[in-house]
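Asker: Chain by chain, the residues run as shown.
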Amino acid sequence: MLGYIAKRIAFMIPMLFGITLISFLLMHMAPGSPTELYTELNPKVGAEFRERFEAYYGLDKPLPVQYVTWLGRVARLDLGVSFSPDKRPVWDKIRERLPVTLLLNLLSLVLILATAVPLGVISAVRRGSRFDRTTTVLVFAGFSVPSFWLALLLMKWLGVDLGWLPISGLESLGAANLPPLARFWDRVQHLILPVFVSAVGGLAGISRYMRGSMLEVIRQDYVTAARAKGLPEWRVVYVHALRNSLLPIVTLMGFWIPALIGGSVIFETIFAIPGMGQLFYQSVMARDYPVIQGILLLGSGLTLLGNLVADVAYALVDPRIRFGRT
Amino acid sequence: MKRIWLVVLLAALAACTKGGEPEKAQASKETEAQVDLSPAYGDTFVDASIGDASTLLPILATDSASHSVAGLVYNGLVKYDGEYNVVGDLAESWKVSDDNLTITFHLRKGVRFHDGAPLTARDVEFTYRVTMDPNTLTAYRGDFEPVESVEVVDDYTLRVRYKEPFAPALISWGAAVLPRHLLEGKDINTSELGRKPVGTGPFRFVEWLTGQRIVLERNPDYFDTDPDTGMQLPYLSRYVFRIIPDLGVQFNELMAGKIDMMGLKPLQWTRQTDNERFRSQYNKYKYLANAYTYLGYNLEKPMFQDVRVRRALTHAIDKNEIVEGVLQGLGVPATGPYKPGTWVYNPDVPKYPYDPDRARELLAEAGWTDTDGDGVLDKDGKPFRFTVLTNQGNDQRLKTAEIIQQRLKAVGIQIEIRVLEWAAFINEFVKPGKFDAVILGWTITQDPDLYDVWHSSKAVPGGLNHTHYRNPEVDDLLVRARKTFDRAERKRLYDRFQEILAEDQPYTFLYVPYALVAVSNRVHGIRPAPAGITYNFERWYVPKALQRHAETP
Chain A
41 MLGYIAKRIA FMIPMLFGIT LISFLLMHMA PGSPTELYTE LNPKVGAEFR ERFEAYYGLD
101 KPLPVQYVTW LGRVARLDLG VSFSPDKRPV WDKIRERLPV TLLLNLLSLV LILATAVPLG
161 VISAVRRGSR FDRTTTVLVF AGFSVPSFWL ALLLMKWLGV DLGWLPISGL ESLGAANLPP
221 LARFWDRVQH LILPVFVSAV GGLAGISRYM RGSMLEVIRQ DYVTAARAKG LPEWRVVYVH
281 ALRNSLLPIV TLMGFWIPAL IGGSVIFETI FAIPGMGQLF YQSVMARDYP VIQGILLLGS
341 GLTLLGNLVA DVAYALVDPR IRFGRT
Chain B
23 MKRIWLVVLL AALAACTKGG EPEKAQASKE TEAQVDLSPA YGDTFVDASI GDASTLLPIL
83 ATDSASHSVA GLVYNGLVKY DGEYNVVGDL AESWKVSDDN LTITFHLRKG VRFHDGAPLT
143 ARDVEFTYRV TMDPNTLTAY RGDFEPVESV EVVDDYTLRV RYKEPFAPAL ISWGAAVLPR
203 HLLEGKDINT SELGRKPVGT GPFRFVEWLT GQRIVLERNP DYFDTDPDTG MQLPYLSRYV
263 FRIIPDLGVQ FNELMAGKID MMGLKPLQWT RQTDNERFRS QYNKYKYLAN AYTYLGYNLE
323 KPMFQDVRVR RALTHAIDKN EIVEGVLQGL GVPATGPYKP GTWVYNPDVP KYPYDPDRAR
383 ELLAEAGWTD TDGDGVLDKD GKPFRFTVLT NQGNDQRLKT AEIIQQRLKA VGIQIEIRVL
443 EWAAFINEFV KPGKFDAVIL GWTITQDPDL YDVWHSSKAV PGGLNHTHYR NPEVDDLLVR
503 ARKTFDRAER KRLYDRFQEI LAEDQPYTFL YVPYALVAVS NRVHGIRPAP AGITYNFERW
563 YVPKALQRHA ETP
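In the order they appear, the protein sequences are chains A and B.
Using this note's numbering, you'd call the opening residue of the first sequence number 41 and step up by one each time.
Using this note's numbering, you'd call the opening residue of the second sequence number 23 and step up by one each time.
Quick caveat, the hints were computed from the structure, so don't treat them as lab data.
The C-beta atom is built at its ideal place from N, Cα and C for all residues, glycine as well.
Treat the hints loosely; a few may be bogus.
Which bits of chain A does chain B cover? Going by a derived footprint, with three or more residues having C-beta under 8 angstroms, they are [what the hints assert, rightly or not]:
(1) 63-69
(2) 113-126
(3) 158-168
Using 27 angstroms as the maximum straight-line C-alpha spacing, the simulated DSS-like pairs for lysine-lysine come out as follows [stated by the list, open to error]:
(4) B/Lys-456 / B/Lys-431
(5) B/Lys-287 / A/Lys-196
(6) B/Lys-421 / B/Lys-456
(7) B/Lys-505 / B/Lys-185
(8) B/Lys-306 / B/Lys-323
(9) B/Lys-306 / A/Lys-196
(10) B/Lys-323 / B/Lys-421
(11) B/Lys-513 / B/Lys-117
(12) A/Lys-101 / B/Lys-566
(13) B/Lys-404 / B/Lys-480
(14) B/Lys-117 / B/Lys-505
(15) B/Lys-218 / A/Lys-127
(16) B/Lys-480 / B/Lys-401
(17) B/Lys-480 / B/Lys-323
(18) A/Lys-127 / B/Lys-208
Away from chain A, derived, C-beta distances all over 10 angstroms, residues of chain B [said to hold, decoys possible]:
(19) Gly-132
(20) Pro-168
(21) Trp-365
(22) Glu-387
(23) Asp-394
(24) Trp-444
(25) Ala-510
(26) Asn-543
(27) Gly-547
Extracted from the complex, chain B is given alone in its bound form:
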């Protein structure tokens, strides 16, 4: 099923990925028939990260390094599978009441924390309580804000009531369940669990050497088994998270065979890995990243208030050229805020393909013509000139800005590019709305609720709707969609939302880059899916014959 999806996606994208290598969906060529490649226990997997984790208590962490390690140590009640379906994790099953106001979770029995204490519904209730505690410095209270009450029915049953129907509710229970017996009555902000986590997850904590590495080992009591083999998970004996802050050095380590996985840059993907030494050691995986880059227009500025102007701007920009020039073809043009290929994505929205003539026409309709013959359009004596801001340290955004500058110049629009340090950029310009246009990116969240970004109530200083987009129909759709649990119905609402966004073009949605990952080819069990590859990490294994690291006591 996943494969088929992938093939379809690839076929659709073939045009824009020319020169890119074909996806290597098959983990191994399996030509050596005599080698036993069946799942086996053992071996160490070495991951690399540019940053160290900050804390391993996930409710306090806000960085991806912390979450990626903590994610292996803890479980939530539910999780996403490779297709972004919500599936049970610590919850064996759950039931949403007919009025969509109550969720009853039934927990797995016999699950133990790494210190041996049993997991019960009280731990889940505690996790909720500590998240809502005003003394807890967590950034995730918003997830549980709509909850009215959490009730422990018995050791393995938990009932959650909501004030009003809230569709992202279910997945918000994917938050890590914390051990109540170790945290109750203590200040969680300074808890030693931040350095020595105790969870229920597939791996348990061994050591953390600041700035060097975090080591986890297989949890021998893990509750989950591989449905294909019936073997207890996980397969790998050890997981080592090495901190290597420079990507060039990470690449050297990869080439020397010292790390097993690394995210590649487009140039590394196309050129530096195109050699026998690399191919004999690694497989490359490519899937769309959870992020898109956009050019956002400040809709408070008169020049951007005419929708024809915004459509013209999109017509004037060649997205394929940006994908080619900035990402070496390793991305796809974006048309909206969702990831192509996911259930919520609407492929049939109006598009404004690269067409400078059409752009000029639309601009002329809107009153922008070059009356004084200086090559720059003008209206009421004012030239069409604006400044695009972007943040320092993101080379891709800067290059994107430069390509856009050239294309807009061709239709008679003059733009200036300013690069600013992140904090100054956000605080002095984006937040107070002191900008004409920005090049920025958004993370594509797994749940499609985008109330915070597009609802008009968020078009205030400090709100995330910083281009001040206001559309009553969008407001209504967003509110209704977040109260709708039925996926088909929800999709209908979001399809319409995407259509309106496309018509209004408050942003020119630019591109969704590919995540480009190299993984050691001795690792098997990887199944590329829309969610990427790491979602089933506990099922990754190294066949006995290929194991590299001896069992360490």
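Looking at chain A on its own, in the form it has when it is part of the complex:
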């Protein structure tokens, strides 16, 4: 097992290389350069500004040199400095946005699991019932509704018309002066809408997955045996069948690891949440190469790690797919 993991990790390194190389090339092939967005169509900016800018960041060097320089820095765990006028280290820019994105994604993941798993189980157990059909329609409606539209409607209703919830942002203006408990409550209020809206879209996938896998399990002999033993129905479903039907969901978790740090631009824009999605979008629009590369490196690294975790988790929970024993 350990040997297998080591082998996988060793294999990840050339893979990461490839990803960074391709993304680096793609980025430089796209039209536009970091200087153009502020030198173009601004009568006040001279051409020499552009030259100085390019020299400052080494953009005047050939591409292979730029790539190797970047790699060298990354090897020393330095992601470089942003091109934007604040010139802050890329890692600082990522770090200040990570907690918010992580918090939101974790909360919505918890909400999705807490809702979708029971929904899927009940739908499977009462397959074809009115409940099954209604939830199917509802979760797909949730999946299909554009999140920005739902968010705007909820904001207008709960925030403007009823005034129950704050509309956007992470905290109220005077929050820093509130006592800890009130401050916590203020934060909770600000998170309700974003977490709810982001969970709505994710319900469909997990609940369908759960329903499908439950349907498969519930038909198996051991479930019939459990019933025949005279166990109460809830024990059969929630203890014996659920455990096995959760397997695919558990392995899916591996794939969520990269998703946890990736934010959605639309979503963050709507709720005015300074998360990773906005950072990535803004850096792409401004052709802020170091930030783009930094986020891509982080994202691809976590994706590879997620795949590994998924495979290992699968092996751990299912003795039939263990390695090295044929």
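Chain A is already provided as a structure; the job is to place chain B on it using the hints.
Answerer: Same frame as chain A, but now just chain B:
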């Protein structure tokens, strides 16, 4: 004075603003006589922006969000007032020598930076030096390029010599004066002042939460006083700059009373704010924005080289219809590159009103007729067909293009519309001159010098004269005007420049939109002027009885 100007302007524009609400010049109806509405200290003003600032060192910033916050933290030597007159800011007075080559500034005494250090002429000299330093990544070196020398005469006197007379020189000293004692000998590009600015301005920095908000508080040592009340400025205790990237959400926040000011879209102005809830909380202000939209013709293309064709195109386009359809009437047709109502604007230039018959006549004179009867004009066997490019993400420009398409079709000109991503649009098409016509906009700069846009020396790849307009008389006028300090004389030169532009129609100037702003009605002291409303922000106040936010320590 400002009011009168406004009324005149409004009367002139009445025809094209039908359906629009009357300007609310009076900040309050002042019916509640018992409430004391006199200036008072206190309260927090919450502003909203779709983008975060990038850096609060203004010489490094190029975005409007950064400049609007930094503008409250720093002062220049001079500034524009509401009428675009140059008035003193950190400079108490100044003198331009008779040969127009030397400006001597006399600084205010007793001004302190937010950290307590006194401001002297050495700080101004340092600001000049750091701007010109080749290591500084600033986009504003061009402003000081014509300067020959800057000399500190004494702590409060600064003498600037120019290589040749340069009219925009004076206002270029409106650039923020930076604290020398905090920046000297350090790399300004990575200075922590970009995140924690220290200036002399009416507000001082408190905190910046990336992507969320920037908070400023009243500078208790600010040098300026309100000439009407004698009270020290500013009045507001706090200024909060909230980042709310979506305009729909900003509007929701506005309706919930969580922000105090917001720029509205035309539809929000006409429809969504037409309710009691909004009216009870906000006043709306409307003034011409510092920008115009145009249809620019690539003058290297043979089909656009005949001036009759360009005039015909303008005749064929109904500008009022565009203002009505695209801006819901909230704009005015443009006739040239300056803002109607400002001193430099020339209202008497030749105009080419909507007249499709005249357009057809002119086109026929130029040799364009429909010989094969397919509905499209042709000449020498080639149909009159061209492509209009515009950038993605600007709905108004796209709609404008569609309206123009219909109107030109009516006179027998076929156009195709292509929408491109901004960077690709500029780099692949506009810069190398690979286009027939473009719909784009220019910012109307406060100083009228347009050398960079219209001089023939800028009609090169990468230059801003991307339609390659070349006119020797215009070149001469532009050069002379930027060397002339006398405003009347300068206006005469620019009047002629506008006349020639109108005759030549290198662009069809389309419209100047209105800036549409909602401000909480508890805020008083707002005086709409040609420059807008925010130019006197430090004099805005909330009367004691209307204050909403408690004083925070």
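Asker: Does each hint fit the structure? Answer for all of them.
Answerer: Structure-based check of all given hints:
Coverage of the segment 63-69 of chain A by chain B is violated [criterion: at least 3 residues with CB-CB distance below 8 angstroms; count 0]. Given a C-beta distance limit of less than 8 angstroms, the hint that chain B covers the segment 113-126 of chain A holds, as 4 residues qualify and 3 suffice. Using a Cβ-Cβ cut-off of 8 angstroms, 0 residues of the segment 158-168 of chain A lie near chain B, which falls short of the minimum of three, so the contact claim is violated. Pair hint B/Lys-456 plus B/Lys-431 holds up; C-alpha atoms about 23 angstroms apart against a cutoff of 27 angstroms.
For a cut-off of 27 angstroms, the pair hint linking B/Lys-287 to A/Lys-196 stands: about 18 angstroms separates their Cα positions. Among the hinted pairs, B/Lys-421 with B/Lys-456 is consistent with the structure: their alpha-carbon atoms are about 23 angstroms apart, no more than 27 angstroms. Only pairs whose Cα atoms come within 27 angstroms are accepted, and B/Lys-505 paired with B/Lys-185 is accepted, the gap being roughly 11 angstroms. For the hint pairing B/Lys-306 with B/Lys-323, the CA-to-CA distance comes to about 45 angstroms; that exceeds 27 angstroms, so the pair is violated.
Between B/Lys-306 and A/Lys-196, the direct Cα distance comes to roughly 21 angstroms. Compliance with the 27 angstroms bound is thereby established for this hinted pair. Only pairs whose Cα atoms come within 27 angstroms are accepted, and B/Lys-323 paired with B/Lys-421 is accepted, the gap being roughly 25 angstroms. As the CA atoms of B/Lys-513 and B/Lys-117 are separated by approximately 21 angstroms, the hinted pair is consistent with the 27 angstroms bound. Of the pairs offered as hints, the one joining A/Lys-101 and B/Lys-566 is violated, with about 61 angstroms between alpha carbons and a cut-off of 27 angstroms exceeded.
About 31 angstroms separates the Cα atoms of B/Lys-404 and B/Lys-480, which puts this hinted pair outside 27 angstroms; it is violated. Distance check on the hinted pair: B/Lys-117 and B/Lys-505 sit about 16 angstroms apart at the alpha-carbon level, within 27 angstroms; holds. For the proposed pair B/Lys-218 and A/Lys-127, the alpha carbon gap of about 14 angstroms is at most 27 angstroms, so the pair holds. The suggested pairing of B/Lys-480 with B/Lys-401 is violated, with an alpha-carbon distance near 31 angstroms, which exceeds 27 angstroms.
For the hint pairing B/Lys-480 with B/Lys-323, the CA-to-CA distance comes to about 18 angstroms; that is within 27 angstroms, so the pair holds. Among the hinted pairs, A/Lys-127 with B/Lys-208 is consistent with the structure: their alpha-carbon atoms are about 14 angstroms apart, no more than 27 angstroms. Every Cβ of chain A is farther than 10 angstroms from the Cβ of B/Gly-132; the closest lies at roughly 32 angstroms, confirming the non-interface assignment. The beta carbon of B/Pro-168 is kept farther than 10 angstroms from every beta carbon of chain A, the shortest such distance being approximately 13 angstroms.
At the 10 angstroms boundary, the C-beta of B/Trp-365 stays outside the reach of chain A, the nearest C-beta of that chain being 20 angstroms off. Separation of B/Glu-387 from chain A is adequate, the least Cβ-Cβ distance of about 35 angstroms exceeding the 10 angstroms criterion. At roughly 39 angstroms, the least C-beta separation between B/Asp-394 and chain A is larger than 10 angstroms, which holds for a residue marked as non-interface. Not every Cβ of chain A is farther than 10 angstroms from the Cβ of B/Trp-444; the closest lies at roughly 8 angstroms, contradicting the non-interface assignment.
In this structure B/Ala-510 is separated from chain A by more than 10 angstroms, as the shortest Cβ-Cβ distance comes to about 25 angstroms. No beta-carbon of chain A comes within 10 angstroms of the beta-carbon of B/Asn-543; the shortest separation is about 18 angstroms. Distance check on B/Gly-547: its Cβ is at least 22 angstroms (rounded) from any Cβ of chain A, clearing the 10 angstroms threshold; non-interface status holds.
Hints 1, 3, 8, 12, 13, 16 and 24 from the list above are not met by this structure, while the remaining hints are.
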